[in-house]
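Visitor: Protein chains in written order, with UniProt numbering: chain A, 1 to 196; chain B, 1 to 196.
Quick caveat, the hints were computed from the structure, so don't treat them as lab data.
Check before you lean on any hint, since a few could be wrong.
Same chains, same label: a pair holds when it works inside one copy or across any pair of copies.
[Unchecked claim] Simulated pairs of lysine to aspartate or glutamate, EDC-like, Cα-Cα distance not exceeding 20 Å:
| hint | residue 1 | residue 2 |
| --- | --- | --- |
| 1 | K21 | E93 |
| 2 | K21 | E127 |
| 3 | K164 | E135 |
| 4 | K21 | E88 |
| 5 | K3 | E88 |
| 6 | K164 | D7 |
| 7 | K3 | E64 |
| 8 | K21 | E135 |
| 9 | K3 | E119 |
| 10 | K21 | D7 |
| 11 | K164 | E179 |
| 12 | K21 | E32 |
| 13 | K164 | E131 |
| 14 | K3 | E63 |
| 15 | K3 | E93 |
Number of protein chains: 2
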Amino acid sequence: MSKLLTDLIEALRCLPGVGGKSAQRMAFHLLERERERGLRLASALEQAMQRIGNCTRCRNFSEEPVCSICASSSRDRHVLCVVESPTELAAIEQATGYRGQYFVLLGRLSPLDGLGPEELGLGLLTERLAEGEIEEMIIATNPTVEGEATAHYLAQLARAAGVKPTRLAHGVPLGGELEYVDRGTLAHAFGSRQSL
Amino acid sequence: MSKLLTDLIEALRCLPGVGGKSAQRMAFHLLERERERGLRLASALEQAMQRIGNCTRCRNFSEEPVCSICASSSRDRHVLCVVESPTELAAIEQATGYRGQYFVLLGRLSPLDGLGPEELGLGLLTERLAEGEIEEMIIATNPTVEGEATAHYLAQLARAAGVKPTRLAHGVPLGGELEYVDRGTLAHAFGSRQSL
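All chains should be modelled from the sequences, with the hints used to inform the complete structure.
Guide: Here is the structure:
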């Protein structure tokens, strides 16, 4: 097989969920039928990888110094939602009607991986809370051990600044069947039952 | 979401089997963790889309005028396998021990789509057969209506040049269960039963 073709197949494997077979199928598909779009993908990739940085205010992906959410005048400046990564920010934007601001940690507290308060930009977050505009901080870190530890730390930070910390509700997912819910979640949902 | 990011997500959808959700996951994955490999993919794509053409002898993908298979002195010059596309050539190379030459039609006879003998390079193929080296032509077009029509046409071409045409065997796939084989295939396998 031609060298450029094997290079392309190898390079396509950097995409998540793409193994050798899919990569080969993608390469042949582009070469046989979609060269124009393949070239557009190459330039979109290059532009994105080189020019997308982080917003100086919320640390979300942005090619401008301040991202469109932080710059928007129509978003609520009294609520701040803290997430681990831009992926989670996008999920919340797409699933909920949330119209407040965000702060992206780009990680979670994990001393073993060298991720402390400094790497998570907590200095920037503290400054933000000190501005006095924010009244509620929604902590939307993942419900993992490290995510929970981070949430605990963030809650202390919020209280110290006189801001009310809240956490996403945990429990049985909508449409889930009790029989198939894991024991930890079920125990938590049982303990946090709410009156009707 | 940033414009470069939405552009990248849109561009990733040109890959086969990649919809909106996967494209978003791929874009975030590359931005968060694999910028270096993302840039390498961009350059591999650009190189491949711009520089891969077709071998002047067999019409397979190649960045050289003559591809490595046609240029190789260790491949049998008496057998020629005709396939519809480079994808099928790659499948045969990877699955079988075939050591002969190839010819790629880059399509199949389909007058309604404007694909006639000229588009399939049958002039080039006729010249190749006229060289007199080839003794057997293995016709490996797909077992579809158009593939069969193409096979029929190719067989006539071969006979006219004094070359023996052969066709891949059809029948029940290895490991398949008779119960689940489609009726056409089963009828064909039954009719072409072989003595043990």
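Visitor: Give a verdict on every hint.
Guide: Checked hints:
1. In this homomeric assembly, K21 and E93 come within 20 Å of each other (Cα to Cα) only across copies, at 14 Å, whereas the closest approach inside a single copy is 34 Å.
2. For the identical chains of this complex, K21 and E127 are neighbours neither inside a copy (49 Å) nor across copies (35 Å), given an alpha-carbon limit of 20 Å.
3. When the C-alpha separation of K164 and E135 is checked against a cutoff of 20 Å, the pair qualifies only within one copy, where the shortest distance is 6 Å, while the shortest distance between copies is 84 Å.
4. Taking the shortest alpha-carbon separations for K21 and E88, only the inter-copy value of 13 Å comes in at or below 20 Å, while the best intra-copy value is 30 Å.
5. Taking the shortest Cα distances, K3 and E88 sit within 20 Å of each other only across copies (18 Å), while inside one copy they are farther apart (39 Å).
6. Proximity of K164 to D7 under the C-alpha cut-off of 20 Å is found in neither arrangement, the shortest distances being 53 Å within a copy and 37 Å between copies.
7. When the C-alpha separation of K3 and E64 is checked against a cutoff of 20 Å, the pair qualifies only between copies, where the shortest distance is 10 Å, while the shortest distance within a copy is 38 Å.
8. In this assembly of identical chains, the alpha carbons of K21 and E135 never lie at most 20 Å apart, being 52 Å within a copy and 34 Å across copies at closest.
9. In this homomeric assembly, K3 and E119 never come within 20 Å of each other (Cα to Cα): the closest approach is 41 Å inside a single copy and 26 Å across copies.
10. Taking the shortest alpha-carbon separations for K21 and D7, only the intra-copy value of 14 Å comes in at or below 20 Å, while the best inter-copy value is 26 Å.
11. Neither within a single protomer nor between protomers do K164 and E179 lie at most 20 Å apart by alpha-carbon distance, with minima of 36 Å and 65 Å respectively.
12. Proximity of K21 and E32 under a CA criterion of 20 Å is satisfied intra-copy only: 17 Å inside one chain copy versus 25 Å between copies.
13. Proximity of K164 to E131 under the C-alpha cut-off of 20 Å is restricted to the intra-copy arrangement: shortest distance 15 Å within a copy versus 85 Å between copies.
14. When the C-alpha separation of K3 and E63 is checked against a cutoff of 20 Å, the pair qualifies only between copies, where the shortest distance is 8 Å, while the shortest distance within a copy is 34 Å.
15. Taking the shortest alpha-carbon separations for K3 and E93, only the inter-copy value of 16 Å comes in at or below 20 Å, while the best intra-copy value is 43 Å.
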